[in-house]
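Using the sequences and the hints, build the whole thing.
Quick mapping for you: the protein sequence lines, in order, are chains U and X.
Numbering follows our numbering, in which position 311 of the first sequence is assigned residue number 311; successive positions increment by one, without gaps.
If you want our numbering, it's the 1-based position in the second sequence plus 1000.
It should be emphasised that the hints constitute simulated quantities derived from the structure, not laboratory data.
Don't take every hint at face value.
[Stated by the list, open to error] Which chain X residues face chain U? A few, computed with CB under 8 Å, are given here:
(1) Ala1049
(2) Trp1060
(3) Trp1086
(4) His1088
(5) Gly1098
(6) Leu1149
(7) Val1323
[Claimed, not checked] Label pairs and their computed distance ranges (CB to CB):
(8) X/Asn1121 with U/Trp18: 53 to 59 Å
(9) U/Asp395 with X/Arg1065: 55 to 61 Å
(10) U/Asp395 with X/Arg1102: 44 to 50 Å
(11) U/Val88 with X/Leu1104: 31 to 37 Å
(12) U/Ala319 with X/Asn1002: 58 to 64 Å
(13) U/Val88 with X/Arg1053: 47 to 53 Å
(14) X/Asn1121 with U/Arg69: 57 to 63 Å
(15) U/Ala297 with X/Arg1176: 32 to 38 Å
Just so it is clear, CB atoms sit at the ideal spot from N, CA and C, and this is done for glycine as well.
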Amino acid sequence: MTSARAEARPRAGAGGAWWPALGIAAIWIFLGVFLVYPLARIFYDAFSDDAGRLTVRHFVDFATDGFYRRSLWNSLVLGLGTVAATSVLGFAIAMLLVRYDFVGRSLFSNLTLIPIVAPPLVGVLGFTFILGRAGTVNVLLMDWFDLLTPINFVYGVHGVLLVETLHLFPMITLNVVDALAKIDPALEEAAESVGAPGWWKLATITLPLTTPGYVAGALLVFIWTFSDFATPLVLGVHDLLAAQAYLNIVQFVDRRLFRMGIVISAFMVLLAVLFLIAARRYVAIKDYSSLSYSRVARRRLSPARQVLAILFLSLVMLASFIPYVGVLLASVGRGWSMTPVPLHYTLQFFERVIVETPKYVVNSFLYSIVAVGICIVVGVPIAWLLARTHVPGRDVLDGLNTLILAVPGTAIGIAYIRAFHEPPPGFDRGLTSFWIILPLVLAIRRLPYTVRGSYASLLLVHRSMEEAAASVGAGRLRSFRDVTLPLMWRGILVGSLFSFMTSLQEASAVLFLSLGGWETITVGIFSFYIAGSASEAAALGVILLVVAAVTVLVINRVAGTRMGGMFG
Amino acid sequence: MNIALRAVSKKFGATAAVDHATLDIADGELFTLLGPSGCGKTTLLRLMAGFYRPDGGEIWFGGRRVDDLAPHVRNIGMVFQNYALWPHMTVAANITYGLKLRKLSTTEIARRLAEGLRKVNLAGLAERYPGQLSGGQQQRVALARALVLNPDILLLDEPLSNLDAKIRLQVRAEIRTLQKDLGITTVYVTHDQEEALSLSDRVAVMRDGVILQTAPPRELYERPRSRFVADFVGVNNFVPGVCRDVAADGATIDTALGVVRGVAADGVTPGGRCVLAVRPENLVVGNGGDNIVEARVILASYLGHALRYDVEAAAGVRLKVDVRDPLHHQPLAAGQRVRIGFGSSAALVLTDDVGAS
Chain U
1 MTSARAEARP
11 RAGAGGAWWP
21 ALGIAAIWIF
31 LGVFLVYPLA
41 RIFYDAFSDD
51 AGRLTVRHFV
61 DFATDGFYRR
71 SLWNSLVLGL
81 GTVAATSVLG
91 FAIAMLLVRY
101 DFVGRSLFSN
111 LTLIPIVAPP
121 LVGVLGFTFI
131 LGRAGTVNVL
141 LMDWFDLLTP
151 INFVYGVHGV
161 LLVETLHLFP
171 MITLNVVDAL
181 AKIDPALEEA
191 AESVGAPGWW
201 KLATITLPLT
211 TPGYVAGALL
221 VFIWTFSDFA
231 TPLVLGVHDL
241 LAAQAYLNIV
251 QFVDRRLFRM
261 GIVISAFMVL
271 LAVLFLIAAR
281 RYVAIKDYSS
291 LSYSRVARRR
301 LSPARQVLAI
311 LFLSLVMLAS
321 FIPYVGVLLA
331 SVGRGWSMTP
341 VPLHYTLQFF
351 ERVIVETPKY
361 VVNSFLYSIV
371 AVGICIVVGV
381 PIAWLLARTH
391 VPGRDVLDGL
401 NTLILAVPGT
411 AIGIAYIRAF
421 HEPPPGFDRG
431 LTSFWIILPL
441 VLAIRRLPYT
451 VRGSYASLLL
461 VHRSMEEAAA
471 SVGAGRLRSF
481 RDVTLPLMWR
491 GILVGSLFSF
501 MTSLQEASAV
511 LFLSLGGWET
521 ITVGIFSFYI
531 AGSASEAAAL
541 GVILLVVAAV
551 TVLVINRVAG
561 TRMGGMFG
Chain X
1001 MNIALRAVSK
1011 KFGATAAVDH
1021 ATLDIADGEL
1031 FTLLGPSGCG
1041 KTTLLRLMAG
1051 FYRPDGGEIW
1061 FGGRRVDDLA
1071 PHVRNIGMVF
1081 QNYALWPHMT
1091 VAANITYGLK
1101 LRKLSTTEIA
1111 RRLAEGLRKV
1121 NLAGLAERYP
1131 GQLSGGQQQR
1141 VALARALVLN
1151 PDILLLDEPL
1161 SNLDAKIRLQ
1171 VRAEIRTLQK
1181 DLGITTVYVT
1191 HDQEEALSLS
1201 DRVAVMRDGV
1211 ILQTAPPREL
1221 YERPRSRFVA
1231 DFVGVNNFVP
1241 GVCRDVAADG
1251 ATIDTALGVV
1261 RGVAADGVTP
1271 GGRCVLAVRP
1281 ENLVVGNGGD
1291 NIVEARVILA
1301 SYLGHALRYD
1311 VEAAAGVRLK
1321 VDVRDPLHHQ
1331 PLAAGQRVRI
1341 GFGSSAALVL
1351 TDDVGAS
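Put into structure tokens, the structure is as follows:
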């Protein structure tokens, strides 16, 4: 009896062994074809000429062109400026939220997350409605103070800086809040006991300990700003690298300009790789600093200081929510011009973008649902491999997943155009001629959210729970189905919802790859706005806002978690 | 420098973490606060360090009242339970952090760093980061960081609790030697009674924020003043009873085992409820001492240095009896009837501060 069992076991094991291997192979092929190959292709194209010879000529061209040098300089200044501004804002808010107690603290800690989950393209639109030349604020100023010429709040690099800062500061806040909360109070007490004054302790102990989380957040802010072309173009700024990359790629006429676009996107991928290296370097410290027994106690602020804190946070929130009010008003206002708010209201723009031309909404939902399907099929197994196994290449898998977070949509959009334009052997058209390219690029872009969500909840399912199931006779698949899955579905759901919402919001990669008939909501917003139909753009924007709001509510209801950990 | 606490109290919300603690710690003494978790020992240490301000009472370091002073002006050195080494700084940077704040010259800082590293046997590791050190090494860096400032008082908060058992013994001995060499007044917090006994000049046992007894280790073990102390320090057999009479040469107590002669602690009054406490190593199998009890063997456990019998005496009273030198002892089988004897000098009659259980 015993010997019969002992014989039966290995055969069953050997019989099933090639299925997992096949699955792992499928994951690698997917990542290889749709992530590694396009990114590698960008580098190859940046370093080769039309005949396929290796050359650095494109970089020399880039470096000798005064316009590109200025654009690069502008992009760097804008990126660093945004990092500086978001850092000041993000740190101040994080310190207030973690270290001090005041009326409305928990409300503010929820509110500060919202800008990051709002669709960025919609944010820009809103600023133009409220702060533009004929926007609410200028109209009021002209009415009240007899201002003759409107103040230029947003058109120009300073406007891009403002919009990006108010959109991205939660990226810093989230990471710093996380790091601050993990600091062992004894580390600060030790500094006090040897005589460090408060500000010195902050500068030499507290802030350095938040560095790992901060660096990850700051790099993402920089990469985002550096590679965002929609915001500058809406605000009329063209001499930035990302804007040039977009204009150069979509014109399809001048091959030299096209190459410049590729060189620029190679820069962006390089930045993303830099992010990956930095993120890896800090992992060790991150682990160490989480070795804490308790939390630093919150200090209750004096009434006067509470008023200051609340005033400061309210101002930031007000500024962050301006665009949404603007978009809402613009979407229902008829003939809104030269008045602070619209005088006549209508639903005709919603009718136009939902009933008359439903393609934007239909396409967006179709592509995003397919994308989330791919995310789950590929992402959950990746999470399982990362959390539970030591398969060869596990580190690379982890690295690729982190890399995706940092590769900008602009770069991956350009990469896909280059990589999938030519028909593969045996086909007469390339993949870029089929709409499935859009769900594929969305799935790659949003894969990390599904992986991270699933991974986090897998870590909560202690291995011994699965082992306990195995000890009472459940096979691996069976224990996964009966024990692991019921305990981790929330994580998968949260990650998937997040992937879905951000897929709907994706602008840059989709703008590059979308062809006639495939227009998504974001493509609609962009083209309506550029064509001067701001109201239709606003109506589409409101749809994205509603989806974002509903998704965040559902995520909070399902998981009761904050969205920390999703961004770095 | 000597330390004096006068009726020091600290409340967190409604609970008194430290309740009217009064202590005198002599110059150069290694003084231990011992008790279970939540007894207030760490709170009391942090009151001395200055991380908390007392709600009432006074704290004196030498002739200076310190209870309203910030930690860094009290001239203390503190070692935290998890060492609290700054992970982003090297060993050298950790140790010299406080020296730099005191604006000492570069040569003086270098001299003190070298001296500090030598004291704790860490020479050569100055440029490592804490994450690259073993637990024992980290512990010594924390000690060096506290000592280089030449503090008047050294405060140690469960410094050994995160170390492996073997290293713990070694570091324990090192701390004791170092403390004796430097002659520095030291307050040591632990929940490990063996550690407290082996290390300290004197020990204070705490429960629920109250100091129950302050005594040298030997007195604490041999003459505990209450049931809680007798139970927390070492192993003990307890038999509840009623005190019959108390005299200078001994007391008699009515228990389920019959009338037993013993030594009464303070606070035991004739006619009052009390408890008999005898340690297993003071009980002998067979006739011995002036108290004899009939019992039956339940279980024998081999402990290496002793063989411990669990026996049941009259009225279901269970006793633990140690046979030292098990090598020359023929084990008794379960169920076998035995006589258990103990001397009245080893039988303590204590107030029962744990409860009638």
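Tested hints:
1. Ala1049: Nearest chain U Cβ about 6 Å off; hint holds.
2. Trp1060: X/Trp1060 check fails; min Cβ-Cβ to chain U is 19 Å, beyond 8 Å.
3. Trp1086: This hint holds: X/Trp1086 lies near chain U, its Cβ roughly 6 Å from the closest one there, short of 8 Å.
4. His1088: 5 Å, holds
5. Gly1098: Holds - the Cβ of X/Gly1098 comes within 8 Å of chain U, reaching about 3 Å at its closest.
6. Leu1149: This interface hint holds because 6 Å falls under the 8 Å limit.
7. Val1323: 40 Å, violated
8. X/Asn1121 with U/Trp18: 53 to 59 Å: Holds, since X/Asn1121 and U/Trp18 (Cβ atoms, about 56 Å apart) stay within the stated range.
9. U/Asp395 with X/Arg1065: 55 to 61 Å: 59 Å, holds
10. U/Asp395 with X/Arg1102: 44 to 50 Å: Given range 44 to 50 Å: holds, Cβ gap about 45 Å.
11. U/Val88 with X/Leu1104: 31 to 37 Å: Distance hint for U/Val88, X/Leu1104 holds at roughly 34 Å.
12. U/Ala319 with X/Asn1002: 58 to 64 Å: 60 Å, holds
13. U/Val88 with X/Arg1053: 47 to 53 Å: 34 Å, violated
14. X/Asn1121 with U/Arg69: 57 to 63 Å: This hint holds: roughly 58 Å between Cβ atoms.
15. U/Ala297 with X/Arg1176: 32 to 38 Å: 34 Å, holds
Hint compliance for this structure: hints 2, 7, 13 are not met, and every other hint is.
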